[in-house]
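Quick mapping for you: the protein sequence lines, in order, are chains A and B. Position 191 (the first sequence) corresponds to 502 in the working numbering; numbering is contiguous. Position 132 (the second sequence) corresponds to 135 in the working numbering; numbering is contiguous.
Since the hints were made in silico from the structure, they are not lab data. Don't be surprised by glycine CBs; every beta carbon is placed ideally from N, CA and C. All the given hints hold, so there is nothing to weed out.
Derived coverage of chain B by chain A (criterion: at least 3 residues anywhere in the stretch with Cβ under 8 Å from a Cβ of chain A; other residues may be distant):
{"id": "1", "stretch": "64-78"}
{"id": "2", "stretch": "83-96"}
{"id": "3", "stretch": "114-127"}
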Amino acid sequence: MTRPALTDQHLRRKSAEYRRDVLRAIYHAGAGHTGGSLSCIDILNVLYNRVMNISPVNWRDPLRDRYVQSKGHSVEALYVVLADKGFYPFESLEKLCRGGSYFVGHPTRKIPGIEMNTGALGHGLPVSVGMAIAGKLDAASYRVFTLLGDGELAEGSNWEAAMCAAHYKLDNLTAIIDCNTLQITGATRDVCCNEPLDEKFTSFGWEVLCIDGHDVAELTTALSRPAASGKPTCIIARTVKGRGVSFMEGVVKWHHGVPSADEFAVAMAELEGALK
Amino acid sequence: MSAPAPSLHSAEAKARAERLGLRLGKANLDVFAEALTELATADRNVLAVTSDSRGSGKLKPFGEALPKQIVEVGIAEQNLVGVAAGIASCGKTVFAVSPACFLATRSLEQIKNDVCYSDLPVALVGISAGVSYGALGSTHHSLHDFAALRAIHNVTVLAPADNRETRSSIRWAATHDRPVYLRFGKAALYDLSDEPAPRDPRVASLLRDGDDVALIGAGETVIHCLLAADLLAEHGVESRVLSIPSVKPLDESALLAAGRECRVVLTAEEHSEHGGLGDAVARLLLGAGMTPVFRGVAIPDEDTYTGSQADIFGRYGLSMEGIADRALRALDAARVVL
Ligand SMILES: Cc1ncc(C[n+]2csc(CCOP(=O)(O)OP(=O)(O)O)c2C)c(N)n1
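Generate coordinates for the entire structure from the input sequences, incorporating the hints supplied.
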């Protein structure tokens, strides 16, 4: 069965819907990581709707593509996208962060569609390296994608894994850095500067691409590259934390801020506006 | 290379082991390497992941025979465990091998999250555990792995006492669909029985029966308990000796029987006195309303003495002589109580 391809315009509309759903879920839960979920929405959108071979139908297939969300705190973005893909009904998210709910504030494998429990930063890349090594051993066609925060890169385990990925020539592995330049305390540059990131990954033996992480066309090109270079790929996606809500954009307090009723109304009006 | 020395402290202990007809076998590490090679030869989905530790893990022949089934990550223990979890998530049987002192602390968060919380069937193999690297100092002692891993949900913690228990533990770990931690020392070990070890290593072995004192060991301390029991018999003391390959979960029925039937319960472990076998057994017995006279022989909470494994065992009373002495004094205390 071939489905009609989604146009860029379709995808942009989806991103706006996802942002609205993320904010709604966080507001109702009274908890969540808003800024970083809004910054990575377009990346997840393109991955799940254009690039990855993954759906509820092939979810147990060993040849499915793998996605590991290393920046686990932005789980709301993932929950919304997986609901949209049909892994579970949207209503499941009404239980987000409620006592006894599987929908906890970081990814767990109890939720269909989630490959790995994450939330402690610095774990996703090593685990993805393992999946990519397994793929190479089996000469399997699947690709492995992992989403990292730029602040997260201060964890040394990432660099252990970065070396290992290049050593094993894991061209079936793509790390995407949601480079929104902020973390909890402030600008990543001020907390523990990791610039120039492109040169660091290049010197570790990776193929590096720098793109606009909100441009679905650029994301599509970067994420669809054939895996034949003998090198793992690092996509440095420039993004805006809190993207889509004017008063949240680039404001550090929205890392895990939950909007008040008034703020929620303003934000929803903006996000609904983007859908028109 | 010369065979590793057994951890026996004295010539008397060696002589007694021989008198008891105990045969000196290999180091558990060697048995591990052989058993893993056997498993991996039969099934190409069995893999070893190592962190520059294939030499200390005795996996060089494995790597030469099955180069596609060994993944080397370099000196990167956190990555080691993450990579192992990723590989296991793709349906392979993975043994992640690293010195216990690093695996159980430097990679603890990866063990907790990537393996145990994610419920992936990785076998974590802590090699040269306890004070196997005695003379190398505290950085290389692993006196905390029982404590750390006991506190993590969803992992079986195994410390086999001889070659028989080691073989059965590895075979069991390879088919168990949950996380397992295996603790292996470096010393050559005596086989403690002629009986085959239980196929399920979570079951304790009763190596000698008696009801004055229960001597309970895990891993490389069990031989010392067995020799101490023989020494104690010369004092008219009847000892029950239990090998507890599984520090978690405990074989509760064997331990509760010991608590019920023996006047003194003594645990001996190559671990800090905090959080290991002794604490686990004491908690079990107290929780069941039993209050035998209890002694936990372990490495005290101090700047640890350095030397060979045998030196350190001697220093802290983990030798045959030390255990027998503690047991006799405890029996005296039990008499006073009665
Ligand atoms: C090991 C670890 N340390 C600290 C935290 C707490 N924490 C959660 S999110 C975060 C900041 C992450 O910043 P970044 O990686 O840039 O993510 P983003 O800005 O995309 O949200 C921190 C410190 C954590 N989850 N894990």
